[in-house]
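Single-letter residue listing:
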Amino acid sequence: MMNGKEYIESLKKYKPTIYFMGRKIESVADEPMFRPHIHAAAMTYELAHDPRYEDVMTATSHLTGERTNRFTHIHQSVDDLVKKVRMMRLLGQKTATCFQRCVGFDALNALYITTYDVDKKHGTDYHERFLEYLKHVQKNDLMCVGAMTDVKGDRSLRPHQQKDPDLYVHIVERREDGIVVRGAKAHQTGAANSHEVIVMPTRALGPEDKDYAVSFAVPIDAEGLINIFSRQTNDTRRLDGDIDCGNAKYGIVGGETLMIFDDVFVPWERVFMCGEYDFAAQLVETFATFHRQNYGGCKVGVADVLIGATAGLAEYNGVAKASHIVDKLTEMIHLAETCWCCSLACSYEGYKTPSGAYVPNPMLANVTKLNVTRFPYEWSRLAQDIAGGFVITTPSEKDFRNPETRELIEKYMKGVDGVETEHRLRMFRLVENLAIGAQLPESMHGAGSPQAQKIMIWRRGSVDMKKELAKIIAGISEDEHFRKIVGKSEEEFFREMLERLKKS
Amino acid sequence: MKAGIKYCGGCNPAYRREKVEEILRRAFPEVHFFYISSGDLEDPRRLDLIDVVDVIVCISGCKRGCAVESVESSIASRNGGTSVTIMSIDGEREKEDIIAEFERCLKS
Numbered sequence: 001m002m003n004g005k006e007y008i009e010s011l012k013k014y015k016p017t018i019y020f021m022g023r024k025i026e027s028v029a030d031e032p033m034f035r036p037h038i039h040a041a042a043m044t045y046e047l048a049h050d051p052r053y054e055d056v057m058t059a060t061s062h063l064t065g066e067r068t069n070r071f072t073h074i075h076q077s078v079d080d081l082v083k084k085v086r087m088m089r090l091l092g093q094k095t096a097t098c099f100q101r102c103v104g105f106d107a108l109n110a111l112y113i114t115t116y117d118v119d120k121k122h123g124t125d126y127h128e129r130f131l132e133y134l135k136h137v138q139k140n141d142l143m144c145v146g147a148m149t150d151v152k153g154d155r156s157l158r159p160h161q162q163k164d165p166d167l168y169v170h171i172v173e174r175r176e177d178g179i180v181v182r183g184a185k186a187h188q189t190g191a192a193n194s195h196e197v198i199v200m201p202t203r204a205l206g207p208e209d210k211d212y213a214v215s216f217a218v219p220i221d222a223e224g225l226i227n228i229f230s231r232q233t234n235d236t237r238r239l240d241g242d243i244d245c246g247n248a249k250y251g252i253v254g255g256e257t258l259m260i261f262d263d264v265f266v267p268w269e270r271v272f273m274c275g276e277y278d279f280a281a282q283l284v285e286t287f288a289t290f291h292r293q294n295y296g297g298c299k300v301g302v303a304d305v306l307i308g309a310t311a312g313l314a315e316y317n318g319v320a321k322a323s324h325i326v327d328k329l330t331e332m333i334h335l336a337e338t339c340w341c342c343s344l345a346c347s348y349e350g351y352k353t354p355s356g357a358y359v360p361n362p363m364l365a366n367v368t369k370l371n372v373t374r375f376p377y378e379w380s381r382l383a384q385d386i387a388g389g390f391v392i393t394t395p396s397e398k399d400f401r402n403p404e405t406r407e408l409i410e411k412y413m414k415g416v417d418g419v420e421t422e423h424r425l426r427m428f429r430l431v432e433n434l435a436i437g438a439q440l441p442e443s444m445h446g447a448g449s450p451q452a453q454k455i456m457i458w459r460r461g462s463v464d465m466k467k468e469l470a471k472i473i474a475g476i477s478e479d480e481h482f483r484k485i486v487g488k489s490e491e492e493f494f495r496e497m498l499e500r501l502k503k504s
Numbered sequence: 001m002k003a004g005i006k007y008c009g010g011c012n013p014a015y016r017r018e019k020v021e022e023i024l025r026r027a028f029p030e031v032h033f034f035y036i037s038s039g040d041l042e043d044p045r046r047l048d049l050i051d052v053v054d055v056i057v058c059i060s061g062c063k064r065g066c067a068v069e070s071v072e073s074s075i076a077s078r079n080g081g082t083s084v085t086i087m088s089i090d091g092e093r094e095k096e097d098i099i100a101e102f103e104r105c106l107k108s
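Protein chains in written order, with our numbering: chain A, 1 to 504; chain B, 1 to 108.
It is possible that some hints are incorrect.
Said to hold, decoys possible - One side of the interface only, derived from the structure: several residues of chain B facing chain A at Cβ under 10 Å:
id	residue
1	G9
2	N12
3	R16
4	F28
5	E30
6	K63
7	G65
8	E69
None of these hints come from the bench; they were simulated from the model. Yeah, the Cβ is synthetic: ideal placement off N, Cα and C, and Gly gets one too.
Taking the hints into account, I'd like the entire structure generated from these sequences.
Quick look at the structure:
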């Protein structure tokens, strides 16, 4: 297993094609605009070596018996699913941002389960190929980006109906030694600083979409693979110093790219689905279940930091004991812990699949994520309320460092006695980062937008069963247990009761 | 032939679990079906009853599979284990599919 420093060094062995702000990036590991995201991912490596955290950060590979980083592990039990979300919360607390590595982790687990099922039905050998790939990932402790979301073009059209066929990643050539793919994936979290890319389809597919039913893995520096790093709110603040970013060390959300496959060749041993459109929906749903499971872990870890920052600011502002502040902080904690309950619940209700790997309860995983599309907005609103207006009007770090304005800022930005003005500025910026920035739309759209969760919840809501429960209580359908309790039918029971009442 | 039936606790089933039992009882009148209770699974002496059954049908209300989990963990903790066949149902299934699987289990 690599530690954090070794992970950063390992990135120097790769030569990916990445563009940002009009320039081609020469070295990912040395790029100041990428460094915060790299540090956040490095935490997933570093904590695996710390005896205080190794219990959740590592696992024993069921393939090799070796101790591995949990991010490369296939869940072998409900306990593994629970430890996964414990790891997510821990890393959220340690980085206060997205640490990016869960996407590839979830892709590995979803493919493990789905390739097994595909082979069973179609007699293919994807699972064997995938096991070899998984061993490679575990042995080298690689970070993988899970590439699912296609750019999609006209959302009302299916992949094969698009005017431009490249708006979903698809196979353009089948060769003796492999396939050639073209298309693009959007919002690729952690792509710039990953070692590998694992591609999956983004939606249910029909026979006409056969060429879009493709899953494979390539190194991040594969020929023809181009990443364009996305802008974020306030991103260039990281070039101004270490205060204005709020979280200068670990950044904000994951650092996403637009990932383009410009005729990328994939050898057969790295192809895990090639035309089996009937399994595209299963792969998407399994991946989504794993990914939605996470959000009551990682986002709650980040919320823990926000609650701490908000409570700290209330102290610096001299209002910590005001009852309405305590009440609002309590509400923030309640909202965060509710999301945590959801992540734990879907993990504890997880089950074994035919492949032997475990998956969380899909209904509860979707409920987890749907809550995370809402609750962070409320806990962020409360944080903004408690922090006060300075959360968006604090003078810049450059003015704080300028001798001409330093004393004025020190004097007029002072809070309670005994707290340095700089600490107050830093806390305002941290709340700004966590409660106003890109964290919120990430909670909304990461792992799928709210409607995607609602579709899954409705499908699995067992409404017919619920209607039957209602009919029994309403006296429309027979209540067999009531009959046993009272020793007669409902009709007889109520008739006799009314007669007794009339007589009394 | 004898078949034990073990239900999960039924906290939030996604389908009407009783349907499975009804289908099997109707399709296999020659088989003697009886219930296996949690008490049977916890008591090593009562657990010996699994030596006389041909199949244990575990009927769970959802994929969590609590019925098969409780049966398997009891058998695993039993001295010498057992070779009894277990049939696990954890979701809505077609009648023909249930009957075919039970037949396979009886033959195994």
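### Message
Quick check on the hint: E30 (chain B) CB to chain A CB, less than 10 Å?
### Response
27 Å, violated
#### Entry: Status of the R16 (chain B) interface restraint (C-beta, 10 Å, chain A)
The hint holds - R16 (chain B) has a Cβ within 10 Å of chain A, the shortest such distance being about 7 Å.
### Hint check: 10 Å Cβ-Cβ cutoff, G9 (chain B) to chain A
13 Å, violated
### Task
May I ask you to test the interface hint for F28 (chain B) with respect to chain A, counting a Cβ-Cβ separation under 10 Å as satisfied?
23 Å, violated
### Message
E69 (chain B) was flagged as interface toward chain A. Is the shortest Cβ-Cβ separation under 10 Å?
### Response
Check passed: Cβ of E69 (chain B) comes within 9 Å of chain A, closer than 10 Å.
### Task
Would you settle whether the hint for K63 (chain B) is holds or violated, based on the nearest Cβ-Cβ distance to chain A being less than 10 Å?
5 Å, holds
### Query
Quick one, is the G65 (chain B) hint okay against chain A at 10 Å, beta carbons?
6 Å, holds
### Message
Would the hint on N12 (chain B) be counted as holding, given a Cβ-Cβ threshold of 10 Å to chain A?
### Response
Constraint on N12 (chain B) satisfied, holds at 8 Å.
Going down the numbered hints, you'll see the structure goes against 1, 4 and 5, while the others check out.
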